[in-house]
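Please work from the sequences and hints to get the whole structure.
4 protein chains.
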Amino acid sequence: MSATHDGARRHLENITGKLTPEEIALRLSTKHHASAARVPGATLTDPDVVEKRWALLPHAGDEAKANVADAVSLERHALFAHNIENFIGTVKVPVGLAGPMRVNGIAAQGDYYVPLATTEAALVASYHRGASVITLAGGCTTMILSEGVGRAPAYAFHSLLEAGNFVQWCVVNTEKIRETAEATTRFGKLKDVRFTIEGNHVYVLLEYTTGDASGQNMVTIATAAVCAFIAESCPVKPQYFFVEGNLSGDKKASSQSFQSVRGKKVAAEVRLPRKIVERHLHTTPEKMVDYWRMSALGGVLSGTIGVQGHYANGLAALFIACGQDAACVSEAAVGVTRFEVSGEGELYAAVTLPNLIVGTVGGGTGLPSQQACLKVLGLAGAGHARAFAEVCAALALAGELSIIAALSAGQFAGAHERLARGKKTDA
Amino acid sequence: MSATHDGARRHLENITGKLTPEEIALRLSTKHHASAARVPGATLTDPDVVEKRWALLPHAGDEAKANVADAVSLERHALFAHNIENFIGTVKVPVGLAGPMRVNGIAAQGDYYVPLATTEAALVASYHRGASVITLAGGCTTMILSEGVGRAPAYAFHSLLEAGNFVQWCVVNTEKIRETAEATTRFGKLKDVRFTIEGNHVYVLLEYTTGDASGQNMVTIATAAVCAFIAESCPVKPQYFFVEGNLSGDKKASSQSFQSVRGKKVAAEVRLPRKIVERHLHTTPEKMVDYWRMSALGGVLSGTIGVQGHYANGLAALFIACGQDAACVSEAAVGVTRFEVSGEGELYAAVTLPNLIVGTVGGGTGLPSQQACLKVLGLAGAGHARAFAEVCAALALAGELSIIAALSAGQFAGAHERLARGKKTDA
Amino acid sequence: MSATHDGARRHLENITGKLTPEEIALRLSTKHHASAARVPGATLTDPDVVEKRWALLPHAGDEAKANVADAVSLERHALFAHNIENFIGTVKVPVGLAGPMRVNGIAAQGDYYVPLATTEAALVASYHRGASVITLAGGCTTMILSEGVGRAPAYAFHSLLEAGNFVQWCVVNTEKIRETAEATTRFGKLKDVRFTIEGNHVYVLLEYTTGDASGQNMVTIATAAVCAFIAESCPVKPQYFFVEGNLSGDKKASSQSFQSVRGKKVAAEVRLPRKIVERHLHTTPEKMVDYWRMSALGGVLSGTIGVQGHYANGLAALFIACGQDAACVSEAAVGVTRFEVSGEGELYAAVTLPNLIVGTVGGGTGLPSQQACLKVLGLAGAGHARAFAEVCAALALAGELSIIAALSAGQFAGAHERLARGKKTDA
Amino acid sequence: MSATHDGARRHLENITGKLTPEEIALRLSTKHHASAARVPGATLTDPDVVEKRWALLPHAGDEAKANVADAVSLERHALFAHNIENFIGTVKVPVGLAGPMRVNGIAAQGDYYVPLATTEAALVASYHRGASVITLAGGCTTMILSEGVGRAPAYAFHSLLEAGNFVQWCVVNTEKIRETAEATTRFGKLKDVRFTIEGNHVYVLLEYTTGDASGQNMVTIATAAVCAFIAESCPVKPQYFFVEGNLSGDKKASSQSFQSVRGKKVAAEVRLPRKIVERHLHTTPEKMVDYWRMSALGGVLSGTIGVQGHYANGLAALFIACGQDAACVSEAAVGVTRFEVSGEGELYAAVTLPNLIVGTVGGGTGLPSQQACLKVLGLAGAGHARAFAEVCAALALAGELSIIAALSAGQFAGAHERLARGKKTDA
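Residue numbers (my numbering), protein chains in the order written: chain W, 8 to 434; chain F, 8 to 434; chain X, 8 to 434; chain E, 8 to 434.
Be a bit skeptical, because a hint or two may be false.
Note that identical chains are pooled: a pair holds if it fits in a single copy or bridges any two copies.
With a straight-line cut-off of 20 Å between C-alpha atoms, the simulated SDA-like cross-links for lysine to any residue are [as the list claims (entries may be wrong)]:
1. K183 with C241
2. K25 with V174
3. K72 with E82
4. K196 with A235
5. K72 with E20
6. K25 with G352
7. K196 with T23
8. K72 with G385
9. K244 with G350
10. K72 with G352
11. K59 with R83
12. K59 with R45
13. K38 with R281
14. K196 with D77
15. K59 with K196
16. K25 with E58
Honestly, the hints are just simulated from the structure, not real lab data.
The following block contains the structure:
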């Protein structure tokens, strides 16, 4: 046991470096001296303000400034005014093309070239390989299974009795709640109202459809109106309430995903003939299923929500390219992957993603390079949100095929072993 | 009940639009016709190849092409060669500045201007507000609690007996395993080896420290070497094995996070005097704690891993700006937020994030605009990974303070109500 | 690191004792020799059969036989015929009384003496203390929030398209599904039908109310009838299907609990005046809330479903006493506990349990001593299931009050320290 | 949508019956009238006290009293004094025999007749069937993979700095902590000390081995001694601390199980030849694996911890029969089941249970009928805890085989359909 604790001691030293306890205490003490200068303006768009902000950052150097605050970015300052505050320029994320990826979906129909923005080597190549075998096999099928974006205002009452009375009032007044919500939006529809009571607390889950926008602002505004209506009209008065009680799963992986939906719930499936698996992925359906089984249980043992490999890589890259909210990767990357060998010896592969919060209007979708990426897909502007969601699921499927093929073929290791030969790695 | 199912029927129609069953079947059928042209090259960097790739995308239009494949991006084609394949240009993500944010950490010391790349309105403003009150209060304290990046090769044996014998052999040969792993890397150290047995399967969790790199490639290469060593030397032969069995939590929220670590486990805390809360956040410590309690249980009821509000927003924006792996938001956005009113009426606020996979060398950190953002922080290059991780945690704390203040003050609703007045929203 | 592995090696030795690898291999090898004699009969109730079964167990000794197969138990052999197979006697679990516990519920009304069957010292005393302070405070409030028991048949199709068509057919035929289900039962009502699609798999969640029975057999039979109806009538044919696809959360803690219900979802709350807390629990509301906060986050960090202390102790003891299905403790022990200090300095305490699968008819509720315990509560037979569920929640609340008081007062430690003085413990 | 809410309204009426809002309010109001008489004594064992307790329960009736407070139970009053408080008699749970079940384990060796105490029809028959096919196949292999019981005292400090200093002190003083803990117990050994820091809170996880006892009291006493030692010796003083901070997973399903252990982590596996599956289980290995896959994903979709079918049934029945702590079913029923078809067409089946808190001394193991059941197994008294844990895992395996066979053969439905014919069910 002392052995273990020598380990722990060394570990602590690793964290603190060679600092003495006194030095650590000094570093962690609060310092009430005068603060550095504040960043001027918030969304001010006068031409000088960016310059003034960079004046606060002399340590960054001129080259850094030139790389972020380049001429084209500065020209577009006004254009970015509704997307960013305290603007200082742009970061340039390289975009690669995966595909063509054939999607036979209800909304998505065709051979898509998928733009992926990432700085991680091998990511585009891996999805490209997955997309290619999907296309070779005649395409994947995709289907939106459910739609809805939730907001969950939360109410604290004095007692369980009042909580119950409140719910009863809401149920009786649902039609008015719906009218109130929908009066704030052209495209949003209130689809369902559900209640979660915990002691004297009530969470009201309002679920909306949001047209072609990802809809997070839309539902917040509609919900605020509902809260105002309730505050005015409901005789059961809460001790306090909040417009969002953190039950909606917003930007967090949550296990309620499979019982409900965040954005769009989409499935994608493909059947790969054995020949394609052997020739193009250099493995067999059986080996891929062996990997799937072991990795699914690896997910279970580590406590993931759903079981899946690498949705996050592709979704993050596609979201950044296409002006989606990249923070939504935290919830979008949840889902279930399943691989089976069919009776005919084909590989059946499917992914189901319950939390695709995406849109083709609003947010960053109208910015020049982001809209360009949507145009590469042929999915810019109104009328394309569902097809975009189906492309997301198809891309996730492509990623699973490629990574699982690589792992089951031993290539994952192999590639890196080759790289490792002769030199030590430093990244 | 039939009522419910009218609802379900309408819902289905919503998904499928006005398509007939025949039309749906037609859309979902696999199409084995000739595929679209393939994207040329993978990492080819000859000047023409980008042009050839765009030639596949005539539907995108010239303006789209100009916005992605601008002159500066094309010039840097070679520079991106180790970060992207099938390059077609860059997407420009606007960057805003939050801060100064004072951090009194073991590694991070100073007033940081934090560059955030996002297309979501109000995000920078919200973090800026949180950072400002932290600074006003003399700064937040940060501390790295643990470090390590895991890889988990997985072995399938014929029987439990062989699985047990295999583990025994590994335990006896740990020193050789360590030597083998560390021979592949200058900076990586093998810190721990643990085993998870499930029936006749063994997952070997190898945990490394990785210096200033986020280290995912480094640990993959080291682990491949370990697997090769085991394959050669261990007398207990598996039926099959994989270099990663999906137990390491890579790019997925997983509940093992709090028992282990992915990258760096970091805590940040601050004490806000009542006056600062009242004057600058327009609420009280008590109201913020009421919100925290209700939202923490909202998280519990919805099945999140940890309890937290909005880490994903700030982390995604910081990761994109600074060339981190944006897909890691899926795991980094997990943690625990706690707010309390202290005896003296101050607000005590803390966040603990167990999965910060970040680095200041490798990956996208060397690209021009990304490195520029690291320079804005003063944290570019070797020697800064720990400070960067502490800044991540401080930023998450800033975000929690700002969003919880807004929700407890009713501003979240208020702001949107004002926006909503007079016009319907469409995003 | 070698240190860690000395630890691991010692740990392995601890598991295997002093066995050599050869001895271990010998022990774990499959032995195809003639098996021991089989247990005669299954539910045979002839007087001799118990004797014949004991004849297989000479190693147990006569005293053991006498203690299990006592005269009274043997007399009641026929009585047990619908509750047990291969009967050999009874095990006697001591029952203690907690209370009176005052419950002011919608269904439960009165001062209940609660019979608890357990072999764990201090359990009854602890719940008794909790029940007593509840009663002193005028009783706790209880409310059933939702009811329903689910079965989830699962269907595998060839494709997503067929899965979608199947769901569509089911939606159109819901009324017939309901009729089919309800034709099998006098008391069961089909309350809701929901669908979870995962790739080409469909889980159909049928949710029933079950009157005064816990209802697990009732819903299985009704669901089997639904499956038969679908098999006959639905033109979309599955590759295979099962009457239960393990989505219903049956006898397992599952995080869907808070979005749905298993049996009855019940909340209980109480307000304890400061005086009662100080005089009878020897602590303060503030200390209890400090404990609650820390333990709630302890639950979050360890990955529990909900956050709670010790529901399992009380529920297991009450279930065993009252002829409930003791295996249901696995799901019933999930829920959320919340403690707050109210504005007036009282302690507000609430528990919410979403999975109380209980009944007052059927199962073991009709056996002599089990029915006697229900009679002690005044809740034997039809018409009492809701009141019984409310008593369960009230009991869980009593337990939380008592254990959290003990821990916050330092008594938990204290009591054991006294016990520990002078002698080493061996249990 | 109004449709949905008619449903909700009807649902509410279902919960409240025909009560008016006023009647509901009246029922839920706190009643400060004089309480019913208190239960006399706690562990008093004078002959009259049981009589006096029953005098409080005239409503139960004489028959109920006779069935609980029978002569034999009353005689043994003193015997139960260390297992129950406020004793009023015993509840008799019928015991059935499953087996013989052949176990080829490291500790368990032989053909076991397993006593199961339950009131649920078909439970014993189902496990008996599973045990029988295991025996026919030459037995199952079992192995304890890890051992340990944790207690997790929790400390609140003023700051992260103090939290860090505290951990550092504990690491330096580990040997003294170990000595202090082990001085309180003859059999307990402190195996590991780990720390979880969350903001300024520290949870100290102390992991013990506990010999043949389940050990929950043992570790509490040892931990209290450690807390007293720390309180006396550590210069870093907490604001407050508790001897258990709810991180140990005590009596709750928690996802940390697979990274650690509660009690004993045990695996069991068997290979069933195709002939045995076909002849005795009336299905095929392939169908059973189809079921396993679908049910494993059903578990994942519903958010269970691990994936498994019905461990709770068997474990609860065995725990009650053998004087184990039945509340531990809440955590013991967690694990992973895996079924595969092997290359030779056999069925490979394995279960891994990480949380078997069991013992063969202490608790209820010494009571007459409980000890008798341990004797039926041949596992009463010291030296048998490991074998008992292996039998638990083997029993869980038997249950999975039987239930999955029944579901995959359609018998689960079939049996109930037959029962349902001609009469409506009421349970």
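Comparing the hints with the structure gives:
{"no.": "1", "hint": "K183 with C241", "result": "within (12 Å within a copy, 39 Å between copies)"}
{"no.": "2", "hint": "K25 with V174", "result": "between (59 Å within a copy, 17 Å between copies)"}
{"no.": "3", "hint": "K72 with E82", "result": "both (15 Å within a copy, 18 Å between copies)"}
{"no.": "4", "hint": "K196 with A235", "result": "within (18 Å within a copy, 38 Å between copies)"}
{"no.": "5", "hint": "K72 with E20", "result": "neither (37 Å within a copy, 52 Å between copies)"}
{"no.": "6", "hint": "K25 with G352", "result": "neither (60 Å within a copy, 36 Å between copies)"}
{"no.": "7", "hint": "K196 with T23", "result": "between (54 Å within a copy, 17 Å between copies)"}
{"no.": "8", "hint": "K72 with G385", "result": "between (34 Å within a copy, 13 Å between copies)"}
{"no.": "9", "hint": "K244 with G350", "result": "between (61 Å within a copy, 16 Å between copies)"}
{"no.": "10", "hint": "K72 with G352", "result": "neither (57 Å within a copy, 43 Å between copies)"}
{"no.": "11", "hint": "K59 with R83", "result": "within (17 Å within a copy, 28 Å between copies)"}
{"no.": "12", "hint": "K59 with R45", "result": "within (11 Å within a copy, 47 Å between copies)"}
{"no.": "13", "hint": "K38 with R281", "result": "between (66 Å within a copy, 18 Å between copies)"}
{"no.": "14", "hint": "K196 with D77", "result": "neither (42 Å within a copy, 40 Å between copies)"}
{"no.": "15", "hint": "K59 with K196", "result": "neither (44 Å within a copy, 44 Å between copies)"}
{"no.": "16", "hint": "K25 with E58", "result": "neither (40 Å within a copy, 54 Å between copies)"}
In terms of the numbered hints stated before, the structure departs from hints 5, 6, 10, 14, 15, 16, listed from lowest to highest.
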